[in-house]
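Undergrad: Sequence:
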Amino acid sequence: MKSKHTEEQDNRIKGHGQYTEIVEQEFLPLVTKSKYCVVHFYHNDFERCKIINMHLRNIAMKHTEAKFAYLNAEKCPFFIQKLNIQMLPTVIMFNDGVAVDRICGFDDLGGVDDFPELILTRRLIFGGVLAPLNDKEEGRSKITKKKAVYNEVEDDY
1 MKSKHTEEQD NRIKGHGQYT EIVEQEFLPL VTKSKYCVVH FYHNDFERCK IINMHLRNIA
61 MKHTEAKFAY LNAEKCPFFI QKLNIQMLPT VIMFNDGVAV DRICGFDDLG GVDDFPELIL
121 TRRLIFGGVL APLNDKEEGR SKITKKKAVY NEVEDDY
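Note that the UniProt record's numbering has the sequence shown beginning at 1, numbered continuously upward.
No more than 20 angstroms apart at the CA atoms, straight line, and that leaves these computed lysine to aspartate or glutamate pairs for DMTMM-like:
#1 LYS33 / ASP101
#2 LYS33 / GLU21
#3 LYS82 / GLU26
#4 LYS35 / ASP101
#5 LYS75 / GLU24
#6 LYS33 / GLU65
#7 LYS50 / GLU21
#8 LYS82 / ASP101
#9 LYS136 / GLU117
#10 LYS62 / GLU137
#11 LYS50 / ASP114
#12 LYS50 / ASP108
Worth flagging that the hints you see were computed from the coordinates, not collected in a lab.
Please put together the full structure from these sequences, using the hints given.
TA: Right, here's the structure in full:
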């Protein structure tokens, strides 16, 4: 049995731990050669796609057990149709080349643009493509979000 450190090094050599842009021709080799793979289908003009990109880039650096990539939806019409992608952003999780789960839009992430990265990490763990690194990722700890504090002053109008 490989040690966790050796496995992480092997995965980094295979390109894990990075968030890579791919083209349509690279899609099938990518998802079939990695045990776990996370692919984000995006559009350059969509702000929410940029938000997902930011979070997935950070998650990819921490979780080397899966390969992370993003693919421009305008440049891969075949896979958009084949995978029945109807909303962007869409993140599809693959296990041995088979799509096992997907995140469409932000509904699974709280429906807001400023969702905590931990929400997306937990969703990918729930999808079966990531292993939790700590209690927070596993769901044993509560997600806390800093809230703005406003000075409540009564108006005398």
